[in-house]
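Undergrad: Sequence:
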Amino acid sequence: MSLLLRMERFLRETAMPPTRFGRIVVNDPRLVHDMRLGREPRARTIARIEAYLAKAGR
Numbered sequence: 001m002s003l004l005l006r007m008e009r010f011l012r013e014t015a016m017p018p019t020r021f022g023r024i025v026v027n028d029p030r031l032v033h034d035m036r037l038g039r040e041p042r043a044r045t046i047a048r049i050e051a052y053l054a055k056a057g058r
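Under my numbering, residues 1 to 58 are what the sequence shown spells out, in order.
What you were told as hints is all true, and nothing was included just to trick you.
The calculated label-pair distances, taken between Cβ atoms and stated as ranges, are: (1) R6 to N27: 15 to 21 Å; (2) M16 to L37: 18 to 24 Å; (3) R12 to E50: 14 to 20 Å; (4) A43 to M1: 17 to 23 Å; (5) R58 to R36: 14 to 20 Å; (6) R9 to R39: 14 to 20 Å.
Because the hints were derived from the structure by calculation, they are not lab data.
Since this is a predicted model, take the numbers as computed values, not measurements.
We put the CB at the ideal spot given by N, CA and C, even for glycine.
Take these sequences, add in the hints, and give me the full structure.
TA: Dropping the structure here:
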């Protein structure tokens, strides 16, 4: 499953706004929006997202 799909599932299951997720994880409220439009995050950003999702049990 792609990282964006995992993020979307997390947002749906937790009812967390995408902007809040981006702020918490990488201090970028546009993260999810930009990824939906095709933004490819850097390796460090991907690692931070994956760590957050793992910590949240996702």
